[in-house]
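Student: Sequence:
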Amino acid sequence: MDTFYDTIARYYDPENDDVIDDLPLYSTLADETDGLILDVGCGTGRVTFHLATEGHTIHGIDRSPEMLARARRKQAQRPDLRDRCTLIDGDVLTDIFPAKYGLIILPYNTFMHLHADEEQQATLTRLAKALDQDGQIVIDIPNAGEAFAAEHDGTLTLERMFIEPETGHRVMQQAVSRLDRTAQLQYITWIYDEIDKQNVVHRTLAPLTLRYVFPREMDLMLAAAGLVRVERLGDYDESPFEDGCARMIVIARRVS
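Each step along the sequence shown adds one to the number in our numbering, with nothing skipped, and position 89 is 89.
Just so you know, the hints here were simulated from the structure itself, not pulled from any lab data.
Even for Gly, the Cβ is constructed at its ideal location relative to N, Cα and C.
One thing to keep in mind: the hints can contain errors.
Okay, the calculated beta carbon distance ranges per label pair [as the list claims (entries may be wrong)]:
| # | residue 1 | residue 2 | range |
| --- | --- | --- | --- |
| 1 | S256 | D80 | 36 to 42 Å |
| 2 | M161 | F4 | 28 to 34 Å |
| 3 | L205 | A69 | 19 to 25 Å |
| 4 | E118 | F4 | 18 to 24 Å |
| 5 | T167 | G226 | 44 to 50 Å |
Work out the full structure: start from the sequences and follow the hints.
Tutor: See the structure below:
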């Protein structure tokens, strides 16, 4: 995960500028939370700064130096957030958490960056121990059933076009992927074609591997970590998890 995000860090914000559908859900959960919030895989601060702006005290942890450097530059321009937002260069699999949390968020596909079930299990176990007694953990990943039902034929797809703000260059973002249904792994190569002022194309290749998790598998991992699922949503509008839904948003608590 580190190499991928270090490679694409300067593209991340303009690429994800319109990824906002999940923010109201996190705002609702944060408003119901007593205590600190932890944003796992905070990146450049998309969710972290949103919640801090709303008045919540939040820690963001990430292991990509380039992504965190961008987050810190943005935070430096917002002195109103300095006391409410702490950015941590760390790894949830190895580092000691500095506090107990009332809410732990693993936003958009973060959990999928753990490629082995042992890593996913270990992460849940460690995060469970970092929760307050009444705290909640939220995991947002795609509905694996829908992904496995779709065709993955290795076709090169144009995902989006955007302007890279530091250079003003237009970027064409493309992707080609392969799904290993046995290992539950998706292998994606992201292709960023950046077109400079002389119309010369500069290509960046960024391979990424993601691991899918099915509903019952998630429940078993939660139980093994000392957690119990209290809700499973199918999208950010809090619609129920059912056949055909886009996401699997799991909310869990520590077992009493």
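Student: Hints first: check each against the structure and report whether it holds.
Tutor: Hint check:
| no. | hint | result |
| --- | --- | --- |
| 1 | S256 / D80: 36 to 42 Å | holds, 38 Å |
| 2 | M161 / F4: 28 to 34 Å | violated, 21 Å |
| 3 | L205 / A69: 19 to 25 Å | holds, 22 Å |
| 4 | E118 / F4: 18 to 24 Å | holds, 21 Å |
| 5 | T167 / G226: 44 to 50 Å | holds, 48 Å |
Against the hints set out earlier in the document, a violation occurs for number 2 only.
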